[in-house]
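Residue-level listing of the chains:
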Amino acid sequence: MLAKSDLRPVRRRRGPAVGPGARLTLLSAASIAFALGLWFALAASGLLPKMLLPSPWDVAQALVKNIGVPFAGATLQQHLLASLGRFSAGFALAVAVGVPVGLMMGWFAPFRHAFAPFFETFRFIAPLAWVPFAALWFGTGIGGPILIVFSGAFAACVINTYRGARMTDERLIEACRTLGAGNWRLIVDVLLPSALPSIMAGIRVAAALGWQSLIGAELIVASSGVGYLIVQGQGSVETPIVMAGMATIGFVGLLIDLGLRQIDARIGRGWRAGA
Amino acid sequence: MAAASPLHRSLLGAPVIGGAAVVGFLIAWWVSAKSFDPMRIPQPGDVWDAAVQLATTGYAGGTLAQHTLQSIMLAFMGFAVAAGTALPIGLAMGMSRSAEAVFGPIVAFIRPIPPLAWIPLAIIWFGLGDGAKIFVIWFTAFVPTLINTFTGVRTVDPTIIAAARVHGAGPRRMLLDVILPGAAPLIFSGLRVSLQASWMALVAAELIGAFFGLGRVLMTAAQDIFPGMIVVAMAAVAVCGATMTWLLGVVERRCLPWLKVTP
Amino acid sequence: MSGIAFTDVTRAFERKGGAFQALEPVTLHVPDGEFVAIVGPSGCGKTTLLRLAAGLDHPTTGSVMVGGRAVTGPGPDRAVVFQQFALLPWKTVRQNIGFGLKCRGMSDAEARPLVERYLATMRLEGHGDSYPHQLSGGMQQRVAIARSFILEPEVLLMDEPFGALDAQTRIEMQEELIRLTAGQRRTVLFITHSVEEATYLADRVVVMAGRPGSVREIVDVASLRKAERWAERPVEEVMELDSFIRIRTRLWRLLRSAGAHRDDAATHTLPIAS
Amino acid sequence: MSGIAFTDVTRAFERKGGAFQALEPVTLHVPDGEFVAIVGPSGCGKTTLLRLAAGLDHPTTGSVMVGGRAVTGPGPDRAVVFQQFALLPWKTVRQNIGFGLKCRGMSDAEARPLVERYLATMRLEGHGDSYPHQLSGGMQQRVAIARSFILEPEVLLMDEPFGALDAQTRIEMQEELIRLTAGQRRTVLFITHSVEEATYLADRVVVMAGRPGSVREIVDVASLRKAERWAERPVEEVMELDSFIRIRTRLWRLLRSAGAHRDDAATHTLPIAS
Amino acid sequence: APAAAEEVKISYQPALYWSLPFYIATEKGWWKEMGLEPSFSTFPAGPQQIAAAPSKSWDIGGTGSPPAVLGAVRFNLVTIALADDQSDTAWVAARAKDADAILKDPSILKGKEILLTTNSTGHYTAVACLKKMGLGPNDVRVVNLGPAQTIAAYSSGNGALAAAWPPFSYTLQEKADTKTLCTGRDGGAAVTAAVVVRADFAQEHPETVAKVLAVYLRSIAWQKKHRAETMAYMKKFYPEGGTTLSDHFIEMDYDKRPIYTLEEQLKLFDRSKGPSTMDQWHTDLADYLRSTGTLQKTPEAKDYITDKFLKMIADDPKLRAFAMDQG
Ligand SMILES: Nc1ncnc2c1ncn2[C@@H]1O[C@H](COP(=O)(O)OP(=O)(O)OP(=O)(O)O)[C@@H](O)[C@H]1O
Ligand SMILES: Nc1ncnc2c1ncn2[C@@H]1O[C@H](COP(=O)(O)OP(=O)(O)OP(=O)(O)O)[C@@H](O)[C@H]1O
Ligand SMILES: O=[N+]([O-])[O-]
Ligand SMILES: [Mg+2]
Ligand SMILES: [Mg+2]
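Here the protein sequences line up with chains V, B, Z, E and W, keeping their order.
Note that our numbering has the first sequence beginning at 24, numbered continuously upward.
Note that our numbering has the second sequence beginning at 152, numbered continuously upward.
Note that our numbering has the third sequence beginning at 98, numbered continuously upward.
Note that our numbering has the fourth sequence beginning at 98, numbered continuously upward.
Note that our numbering has the fifth sequence beginning at 1001, numbered continuously upward.
Worth flagging that the hints you see were computed from the coordinates, not collected in a lab.
Think of the CB as a built atom: it goes at the ideal place given N, C-alpha and C, for glycine as much as any other residue.
Honestly, I wouldn't trust all of these hints.
[Stated by the list, open to error] Listed next, the stretches of chain V that the computed footprint assigns to chain Z, with coverage defined by at least 3 CB atoms under 8 Å from CB atoms of chain Z:
hint, segment
1, 172-181
2, 205-217
[What the hints assert, rightly or not] Partial list, derived from the structure: chain B residues whose beta carbon lies under 8 Å from chain V:
hint, residue
3, V174
4, I178
5, A179
6, V258
7, P271
8, T306
9, L331
10, A335
11, P336
12, M385
13, A387
[To be verified] DSSO-like, lysine-lysine: derived pairs with alpha carbons at most 27 Å apart:
hint, chain 1, residue 1, chain 2, residue 2
14, W, K1297, W, K1318
15, W, K1097, V, K73
16, W, K1110, W, K1131
17, Z, K113, E, K323
18, W, K1056, W, K1097
19, W, K1225, W, K1267
20, W, K1273, V, K88
21, W, K1224, W, K1235
22, W, K1110, W, K1179
23, W, K1224, W, K1308
24, V, K73, W, K1179
25, W, K1308, B, K185
26, W, K1175, W, K1225
27, W, K1308, W, K1056
28, W, K1056, B, K185
29, W, K1297, W, K1028
30, W, K1224, V, K88
31, W, K1032, W, K1297
32, W, K1179, W, K1097
33, W, K1273, W, K1009
34, W, K1311, W, K1224
35, W, K1236, W, K1273
36, W, K1112, W, K1175
37, W, K1318, W, K1032
38, W, K1112, V, K88
39, W, K1235, V, K73
40, W, K1112, W, K1097
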C-alpha cells in the first residue's frame, strides 16, 4: 500500500537558514532604517527648507548638544526629569483613583449607574481643554499639571478595570461567596486579580495618553519640561530642537511602556498559565 | 458578560440613578459656585448665558450649530481615516509576524508623541486646510484601533482557525470569514477608543487655523478667559462624542448579530 | 440537623418575551446524612436546584430549608464544589484551601495546621505552593474539595464535580469521595451526567425531567449498596455486578424517555454553563 | 484508498528549558474503512496524533501518510470534528454547514440543496438560520458533523467529539454516528475518554500511555461487534452484554495502569486543552 | 536691626524685553537691597498667567496689555506701570518678493489670508494697519494660529500676510524672509506691555508693591544708561527662555522698544488734563477687545489704571533715588 519512496519525513517549514527570531529582528531593523532613510532623503532633497525639515542628523546633533548646553533654561535631562515628575504624579493619581473606581463600577451597580453619565461624557474632553481651569484652580501649583495628565490617563484606567472586573468568571465569584467572602474580599481577592491583565493593558494605554498630555500640562506654568522645550522651540522655529524633544518623548514613552510590560509580565508570573 | 452577581443588581434602574447623580452634581455645582471663589468656578448662570450667546449671536466666528457641524465633520473624517488605515495594518500585523516586525517598532516609537507636537509638521506638509487637521487627529486615533485589531486577530480561537483550515479555507476566506469576524468585537472596542481619541485630538487639530469648530470655541474662550464658554464648549464636545459612540454601538450591534451580549 | 428540604419550589427566569419556567413545583427531601445524586437531561434544572440550596439563587415560589432554617444566602454550613473547580488561579494551593478560613477572619497562624492537615488528607503534600494551573485536573478538584471540607460544612453541594476529568481520574476521585464521606457522614446533593457515577455513589438517585424541570422518579440504591458492601470493593468490580448494571440500565431508560424532544425546546433557550 | 499510516512518528515541542517529547516513536496503521478509537490518560498525545493526521501539525521525525500520500497540510479528504465543536459563531447553521463547500468555490445556488439535505439528515430542520449559540450542545455538534460530512471526506478525525455533551445526548450522537458511518463506510480515527464509547463504536481500540506518548495496546472489538450484531441493537442493550462489559473492563484496567503516577508528572507540565 | 526680607511672588513671561528688568534686578542684587525676597514664576502665555492670579499664585507681574486689560475685567488686576512700548516692533509683514506690489496697491490683498493670533497685540496691530492701508475688516481673511504656528505656516507658503509681535515678529522676518509692511506705530496703535498687581494684594501691601515697582524702574533707568551691558544681559536672558536672537534683533529690541523711567511714567499716567496717555492707550485696546467679542464693554480706565504707586515712589526720596538708579 505504501511505496517505500513515500516514506520521507514531512518538511516542516520552508525558509531561510536564519532562525525566525533573527529574521524578525532583521525586518524590524530594516523597517527602522527605511523610515530613517526616507527622512534623510526628504531632508536632503531640498523640497522643504532645512528650517522646517531638518535631517535626522541635525536632530541627533541638537539632541546631543542639549544634553550639555541648556535650551530654554535647562538641559535635556533636566527637562526630562521635570516632565517625568509631573507625569508620574498625574499618572499615579489616575491609576490610584481609576482602578478603584473601575472596580467599584464593576461590582456595585448603583455606583456604576451613578458614575457612568459623567464618565461617558467627560472622557471626550481633551487634556488641553482643561488648561484654563488648571490655571484657575491651581495657579502655579503642581495641581495644574497633575490635573492635565490625570485627565488624559484616567479614562483608560477606569474603562479597562471596569471591563476586566465585569469579565470576571462568575463561577469564581460564586465559589468565593459560598466560602464566606464578603464584598471587600471579593473585590480584592477575586475581581482585582482577575481583572489584572485588562487593568495592566489599560494602565499602558493610560501611560501613553498621560505622557502625551505633557505639552498641555506644561503650557500652564513654564520653566522646564520636554513639552515646554517643544513649545519654546516651535516659537523660535528651532525645528531640530523641537524634533529632538519629540524624539525624546517618543523614546521615553517607549521606555515607560516597556517598563510597564515588564511589571505586567512579573505580576502574574506565578499564576498565569503559560507564564 | 452577566452582572457580577445577583446581589449587586440594583433595585433602581440605570436612568433613575444616573439621572439622580446628574441632578446631584448640578446642585453641588450650583452651591459650590455660589460659596467658593466666584472668579474661579464658572457660575451656572454664566454658563447659561454663554450657551445662549453661542446658540444665538455666536462666538469665535460662528454659532453653536456652525461650530458643532464643523467639528463633527472633522472628528468623523479623522476617525474614518484612522480606522481605515489602522484596520488593514492591524490585520496585517496580526496575521503576519513579518508585518508586525515592520510596523511594530515605528508605531511604538511614534505613538507617545503628543498631537500638539505634530502641528507644525502637519502645517508644513498639509497646509492650513482640513488635511492638516485630519492628520493630527489621525495620529492620535490611529493607535487604539491598530492595537485592538492586532490583539483581536491574535486571539481568534485557534480551534476555529484549525476548523476553517481543515474545511479548506484559503487565505481570502480565512480573512473574511474567520479572522475579521473573530477579531470584530475587539476591533469595535478599538474603534470606540479611537473615536474618543478623535474628539480629544480635535482641540489640537483646530489650533491649525480653524474658522469654525468647538475646539476653536474652546481655545478662543481659553484666550478670553471665559470659563462659562469653556464649559459650554466642553459640554458640546462631550455630547457629540457620546452621541457618536452611541451610534457606533448601534452599528456594532448591526454588524455582530451573533453576539449574545455586546460589551 | 442538616437535611435539605425543597417544598413546592418553582423558579422562573425572565427572558425576552416573558418568563421562562425552569422548575415546576418540586418537592424533594434529602434527609440528614444522606447522599442523593441527581441525573437528568441537560437544562432540566439540576443546577438551578443546587443553586437554590446553596443560597446563590432564590426560588420564585416555595421554600428551601437546610438544617431546618430557610435559606437566604450562601453560608459556610453548605459547601459547593463546581465542575470547573473554580479555584482562584492567582492563589497557591495552600491559599486556596485556606481561603474560606481567612474569610471567617482566622489568622494565618491559626489556619496553617488545618490547611496542612487537609493537604495531607487530599494527598497534595509537596504541592502546597503550586498554582492551580500547575496541577492536573484531578489535583485541582482535590484542592476544591479540600477548600470546602476544611470549613466542615454539614451539607455538600456538588455540581458535576468530576465532569471535567478524564475517565481514569474520575474513577479515582469517586473512590476518594466515598472514602471522605464515609469518614464524616454528611448530607450530599450530587449532580452528575453519568448514570454509573450516580449509581456508584448515591443512596438515592433522583431522575429529573425537563421543561419545566420536575422530579420524574427516585431510585433507591442504599439497600443494595449496603447488602453488597460496595463501599469496600474496587469500583471496577462494583460496576460489573449484575445488581449495579440493572440499576444503571433502569436509570438510563428513565433518562432517555425524560430527554425526548429536548432539542426542539432548546431552540428557544440559551444553554447556560452550570 | 484512505488508510492512515503513522510510521515511527515522534513529536517534540519546544519548551522553556529544552524540548518536550510529546510522542515517542509511534507506529500505527488504520486500514481503509476501519473505525479506530484511541483512549489514554490526559496529555498522552492523542490530540497530537490526530493533528498530525489532519495536517495541522508536523511530526518531528517519522512519516504520516493518508491514502498513500504524505500529509503536508489540511485537506478536504480528511474532516476533523473537534470537542468544542469549533463552529463559526458568526455564521448561521446553514452557513456553517455550507462553509466547506463555499471554500471549494461552490456557488450558493449549488450548495443550497446539499446543505438542506444535511440539515434534514441531522434533524436540524427549522434551525438553519439560528446562530450556534442559540443551539444546545448536541445540536451544535450535529452541525459540526454535518459541516464535515457534507464534504464527503474519506477520513474522519474526531477529537472527543462528544465529550462536552450530556449523557443522553451523547448516546444519541453515538447512535447517529453508527448510522452515518454504516451508510458510507469511512476510515475513522476517534479519540475519547469514555471506555464505553470506544468499545461501542470502534473496530479496534488503541490504548495509549503517556510521557512520552506511546501505544500501549490495541484491543480488537470488530469480531465481537459483527458476531453479536451490535450495530443493529439499541445501545443500552449492547452495553449490558457480557462480552461488552468484559472488553470495557479490560480497557479500564489497561488505562488505570497507563495513567499511574500521572499526577506527579503533571506538576511539571501544562495541561493544554485539546 | 534689619527686618526680615519681605516675600513677594512675581510672574512674567520668559525671553521678553519687558521681562528683562526683573532679571537684571536679580543679577544686580537690587531686590535684597530693597528688603525683598521675590519668588518668580514664568508663564508661556498671558491667559494662563492672569488665570493663575485669583489662586494667589503671584502678586505682581509683567504682562502684555491685552491680558492686562482682560485681567482687570476678569480678576481685578490693577495696572501700575507701563512695561514697554513695542509699537515699532509689532508688525504686519509680507514675503519680501511680494511686499512692494502690496505697498503699491494694497487692494490686491482682497480675499487673501492673513495669518495671526487673534486677540493678541499682533491682531491689534493688523487691524490698525489694514485700516491704514485702506482695507476693511472683511477684505482679508483672518486665519487664527498660535505665534509659532503662524511662523511655520507662513514660511511654508500659506497666507499672503502675517502679523506678529516681538520676538515672533523677528523670527518671522528672519526665518520666513519677510518685509515689514506696517508697524503698530504706522497704524496708530499703541502696542504695549504693563506691570500689574492683584487688587487685594495692592490693598493689603501697598509698600511692598511700591518697592517692587521701584526695583523694576531702577532696572529700566539702568538699562537706558547702559546700552552695551543691557544687550549683554539680553543675550544671557533670552536663551534661558528658549529664544535666541541675532545681534540685529537684540539691537532692535533695545533701540525700538521704548521703556520709561519713573519721571516718564508719571507723565504717561498724568490725568491732570483729562484722561492720561496710558488711559487712552488701554482704552483703545479695550475697544479693540470689545470689537472681537472678548469684552462685553470697555472698562473705565480709572477703575484699573493707577499712578498711586508711581507717586508713592516719587514722594519718598529714598525710593525715588533708588528707582532712578541714583543710589
Ligand atoms: N440565570 C438564568 N437566566 C435565564 N435562564 C436560566 C438561568 N439559569 C438557568 N436558566 C435556564 O433554566 C433551565 C435550567 O437550567 P439549569 O442550569 O438548572 O439546567 P441543568 O439541569 O443544570 O443543565 P445542565 O445539565 O446542562 O447543567 C435552562 O433552560 C436554562 O437555560
Ligand atoms: N503546542 C504545544 N506546545 C507545547 N506542548 C504541547 C503542545 N501541544 C501539546 N503539548 C504537550 O504535549 C502533550 C500531549 O498533548 P495532547 O494534547 O496531545 O494530549 P491529549 O492526549 O490529547 O490530552 P487530553 O486527553 O487532555 O486532551 C501534553 O503534555 C501537552 O502539554
Ligand atoms: O492634547 N494635548 O494635551 O496634547
Ligand atoms: Mg447544570
Ligand atoms: Mg486532547
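Hints breached by this structure: 1, 3, 4, 5, 6, 8, 9, 10, 11, 13, 14, 17, 18, 20, 25, 26, 29, 30, 31, 33, 35 and 38
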